[in-house]
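Q: Residue strings, one per chain:
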Amino acid sequence: MDIQPHVEGLLRELAPQTLAALTRRYGHFELAEDAVQEALLAAATSWSSGELPDNPAGWLRTVATRRLTDLLRNEQSRRRREETEARRALPLEPSGVPERPPAGEVDDSLVLLFLCCHPAITPPAQVALVLRAVGGLTTAEIARSLLLPEATVTRRITRAKQSIVDAGSRFALPDPADRARRLDVVLHVVYLVFTEGHTASSGEALVRGDLCTEAIRLARLVRRLLPDEPEVEGLLAQMLLTDARRAARTGPGGELVPLAEQDRALWDETAIAEGIALVSGALARHRPGPYQLQAAINAVHAEAATYPDTDWPQILALYGVLDRLSADPVVTLNRAVALAQVEGPQAGLELLERAAADPRLAGHHRIHAVRAHLLQEAGRPAEAAEQYRAAARATLSTPERNYLLCRATLPEREP
Amino acid sequence: MKYMIMTFGDKTAWDTLGLGGSEAIWSEEEVAEHFRAMGEFYADLAASGEMVSGFGLADPSHTVTVEMRDGRPVTSDGPYAETKEMLAGFGIIDVASHDRAVELAARFAAIVQTRVELRPVMNGGGEDQ
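If you read the sequences in order, they're chains A and B. Quick note: the first sequence uses my numbering, first residue 1, plus one each step. Quick note: the second sequence uses my numbering, first residue 1, plus one each step.
Next up, chain A with everything else stripped away, as it sits in the complex (with noise of 0.2 Å):
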């Protein structure tokens, strides 16, 4: 089926109004997400093959209500053939005045992201699941983004929202405190729907830009949900920062352009300027976390005019707090690589290999990579021509494999 790009950005857009105003209406979070995908289904076939309806959002929804009615019946039919009865108990206590209806449909998909992010889930559903209620994605289009059978997308898709059956989960923000909490995990899951669109960990295409947008617009409905928090503003600086970049990333013919080697003129000025904006604003805060140093850290890159201008020491007293702050083996990864430029490739090879040592890095080809570059620092070429080859057989994504190859052959021909 081919579906028009039109449609599909529209689709994609009133897919989570739709699936908020079904479930905010008639409950069943579950059933209701099963009608709007086939409602999706039924307008991506008939709005791309002829006109749009006057109210395509109407539409939508008046189909969808039509598809969980039907769902409904079946589901009752067939547990009167079972005579068992879905029973729920209810709160003793009343929950108080809910919160009054948002004036947009914006704040909708908000309370449909902190609900698939509900700690009942595990983190890979609830990337699915978000891409799915929240992002407009078919699962078909999630198992090509996750790289995974679409049959284990379903699965998850499945148990992630009888998780939230099962957890009794309202259709309403959670109280303050546990937004707070439960905050982490909804930073957490857009920082993965972005990198999986920006790294890209598999497939022909480097960058999926789709999936970088959906994650930014997500990041900027948390912050107006939580305007005052920093690691909101980090988390969206950051991705801006990072996404600024997109057009010098990639090549003519698709092949990935490091950081040391983009045109500068292709970065994106105006995502830069708000996002050092955003990262200085969340600093002055004086609480620190993870998403504002890695911002920080990539508005020092974008402040360089050249990539030798590049302020390494800066760059490395951001990675040493963030090494401090995160114990994650990537971050100790990048900051030998700072290392490497203010002290030599040598330190940065000693500070890489207690990296490699992190079970949890174990065969990723960044370590390969990384080793490979810092060997070559080191005017060790065919030690960084092995580490080259063994980081393109460990990647899943053809452009960066190719971009590895490449870097394979070439200390070779330097003397």
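Possibly wrong hints are sitting among the right ones.
[Stated by the list, open to error] Just the calculated beta-carbon pair ranges, DEER-fashion:
{"#": "1", "chain 1": "A", "residue 1": "Arg179", "chain 2": "B", "residue 2": "Pro73", "range": "19 to 29 Å"}
{"#": "2", "chain 1": "B", "residue 1": "Phe35", "chain 2": "A", "residue 2": "Thr158", "range": "51 to 61 Å"}
{"#": "3", "chain 1": "B", "residue 1": "Ala58", "chain 2": "A", "residue 2": "Asp184", "range": "24 to 34 Å"}
{"#": "4", "chain 1": "B", "residue 1": "Asn123", "chain 2": "A", "residue 2": "Gly50", "range": "50 to 60 Å"}
[What the hints assert, rightly or not] Residues from chain A shown here face chain B by an in silico Cβ test under 7 Å; the list is partial:
{"#": "5", "residue": "Tyr26"}
{"#": "6", "residue": "Arg66"}
{"#": "7", "residue": "Thr69"}
{"#": "8", "residue": "Arg73"}
{"#": "9", "residue": "Gln76"}
{"#": "10", "residue": "Leu349"}
The hints are simulated quantities; they were obtained by calculation from the structure and are not laboratory data. Since we're looking at a predicted model, the values are computed, not measured. For each residue, glycine too, the CB sits at the ideal point set by N, CA and C.
Given chain A, work out where chain B should sit, using these hints.
A: Okay, now just chain B, sitting in the frame of chain A:
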């Protein structure tokens, strides 16, 4: 004095108008005509000052039962429609006499094409309204 006019239908009543689990069984024109007649009826009642309130209800599959069990409120889906008739909508009218209420109920029945029931509405103390 106030009366409630109640309309009933099995699940096909909702499907007829496209308000159930499928597209409308009636043609677009028939559905539009139904809502036009209903709107006209409500407008007449509003003009004569006999209208209090009136609404149609969603498909019975969306019904939830809430009851107390061992001192705790418990919800369950249903009761399920099966083939029996369920409350489909209601109007509350404020009229001068029982005869007038019956007259209006008859007009209601003609529009919805189903059986309707009429009952006097009481106030909190049980007196007639």
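Q: None of the hints should be skipped; say for each whether it holds.
A: Hint-by-hint comparison with the structure:
1. A:Arg179 - B:Pro73: 19 to 29 Å: For Pro73 (chain B) against Arg179 (chain A), whose Cβ atoms are near 26 Å apart, the range 19 to 29 Å holds.
2. B:Phe35 - A:Thr158: 51 to 61 Å: Taking Cβ atoms as reference, Phe35 (chain B) and Thr158 (chain A) lie about 38 Å apart, which means the hint is violated.
3. B:Ala58 - A:Asp184: 24 to 34 Å: Violated: the Cβ-Cβ distance is about 38 Å, outside 24 to 34 Å.
4. B:Asn123 - A:Gly50: 50 to 60 Å: Distance hint for Asn123 (chain B), Gly50 (chain A) holds at roughly 55 Å.
5. Tyr26: Nearest chain B Cβ about 6 Å off; hint holds.
6. Arg66: At 6 Å from the nearest chain B Cβ, Arg66 (chain A) passes the 7 Å test, so the hint holds.
7. Thr69: Where the cut-off is 7 Å and the nearest Cβ of chain B is about 4 Å from Thr69 (chain A), the hint holds.
8. Arg73: At about 5 Å, which falls below the 7 Å cut-off, the nearest Cβ of chain B leaves the hint on Arg73 (chain A) intact, so it holds.
9. Gln76: Holds - the Cβ of Gln76 (chain A) comes within 7 Å of chain B, reaching about 5 Å at its closest.
10. Leu349: Violated, about 63 Å.
The structure does not agree with the numbered hints 2, 3 and 10 stated previously, though it agrees with the rest.
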